Amino acid sequence: EKSDLIDKKIYGLPDFKDYIKKFVLQCISSPSSRGNILALCGPPGTGKTTIGSCIAECLDREFIYLSMGGMSSATALIGSQRVFTAAHPGNLVAKFSKLKYSNPVLFIDEIDKAGGTNTKEATGIQGALTHILDPEHNNKFIDEFLGYSVDLSKCIIIVSYNDESRLERQIVDRFDAIYLKEYTIDEKVEISRGYLLPDIFRNLNIRGDLIIFRKDIIRKIIFKSKSKEKGVRQLKRNLKRIVQSVNSAW
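For the sequence shown, our numbering gives the first residue as 1130, with consecutive numbering after it.
Hints were generated in silico from the structure; no laboratory data involved.
Where hints are given, some of them may not hold.
Per label pair, the in silico range of CB-to-CB distance [what the hints assert, rightly or not]:
{"id": "1", "residue 1": "D1315", "residue 2": "S1182", "range": "33 to 39 Å"}
{"id": "2", "residue 1": "S1201", "residue 2": "I1341", "range": "21 to 27 Å"}
{"id": "3", "residue 1": "S1159", "residue 2": "Q1299", "range": "24 to 30 Å"}
{"id": "4", "residue 1": "G1199", "residue 2": "R1163", "range": "26 to 32 Å"}
{"id": "5", "residue 1": "D1280", "residue 2": "R1370", "range": "42 to 48 Å"}
{"id": "6", "residue 1": "G1198", "residue 2": "H1266", "range": "32 to 38 Å"}
{"id": "7", "residue 1": "K1150", "residue 2": "S1356", "range": "30 to 36 Å"}
{"id": "8", "residue 1": "L1228", "residue 2": "T1313", "range": "20 to 26 Å"}
{"id": "9", "residue 1": "E1297", "residue 2": "S1182", "range": "24 to 30 Å"}
Straight-line Cα separation of at most 30 Å, BS3-like style, residue types lysine-lysine; simulated pairs [as the list claims (entries may be wrong)]:
{"id": "10", "residue 1": "K1138", "residue 2": "K1249"}
{"id": "11", "residue 1": "K1310", "residue 2": "K1138"}
{"id": "12", "residue 1": "K1150", "residue 2": "K1359"}
{"id": "13", "residue 1": "K1150", "residue 2": "K1353"}
{"id": "14", "residue 1": "K1249", "residue 2": "K1229"}
{"id": "15", "residue 1": "K1242", "residue 2": "K1344"}
In this text, all values refer to a predicted model and were calculated from it rather than measured experimentally.
Yeah, the Cβ is synthetic: ideal placement off N, Cα and C, and Gly gets one too.
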């Protein structure tokens, strides 16, 4: 049943899906084990977040999404001390406060984009991230605003990034990365027909048999796109606009 869900949610990538299935099985067989960290490296739009939510669904765990893209200070992660006027808890603890359980799948996105071009801030943020990823110490993650420790050791942590060269070595050493390649045109066509369009129809509450996209039409949409993306994020937006336009014309 879990294998069927992974096959349904993720297109192709047989070797990768086999690894994910083993990872899920390991988490099921040893739910109290620590150090369950998965790293996904690949171009934008190649399904990294989908993979994370799929793993959470397979394990029947809550899913926390935390983006580090554009994060300008480590306080966004660890909070700021109450002595400051604009003091606030970190994003991580703020999201944890809304959970029912303490063992979610924690998906930390774009860990290579934190701090922007500010090297000092990027180093501080990655230092905080190191603490989160360290299975020997993340059971006592300190939020500066709360002033006491939070146990993150029960989480299954998944991180994603595009460019490994922007990460500190101490971060990279915490995990074994899985590298996702860019999609070919044929793969984008199949993903459109089997995944993107059904999702678009479902979200817009439109019957899928009312609007038919032939393979040659999808190819033209891909080739005419100004965005020469490696994933399918922009392609999904384009398909959604077309569906909405056709639907409104009826």
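Assess, step by step, whether the Cα of K1310 is no farther than 30 Å from the Cα of K1138, and give holds or violated.
17 Å, holds
Quick one: are D1280 and R1370 within 42 to 48 Å, going by C-beta?
45 Å, holds
Between K1150 and K1359, is the straight-line Cα distance small enough, at 30 Å or below?
Distance ~25 Å between K1150 and K1359 Cα, so the pair holds.
Is the gap between the beta carbons of G1198 and H1266 within 32 to 38 Å?
This hint is violated: roughly 25 Å between Cβ atoms.
K1249 paired with K1229 [C-alpha distance capped at 30 Å]
36 Å, violated
Take a look at whether the Cβ-Cβ distance between L1228 and T1313 falls inside 20 to 26 Å.
Once the Cβ atoms are compared, 39 Å apart, the range 20 to 26 Å for T1313 and L1228 is violated.
Using the Cβ atoms, figure out if D1315 sits within 33 to 39 Å of S1182.
26 Å, violated
Starting from K1138, check that the Cα of K1249 is at most 30 Å away, please.
39 Å, violated
Does the Cβ-Cβ separation between S1201 and I1341 fall within 21 to 27 Å?
Distance hint for S1201, I1341 is violated at roughly 46 Å.
Is 24 to 30 Å respected by the C-beta to C-beta distance linking E1297 and S1182?
27 Å, holds
Could one say that the CB atoms of K1150 and S1356 fall in the range 30 to 36 Å?
32 Å, holds
Satisfaction of hint between K1353 and K1150, Cα-Cα up to 30 Å
37 Å, violated
Hint check: violations occur at hints 1, 2, 6, 8, 10, 13, 14, 15; the rest are consistent with the structure.
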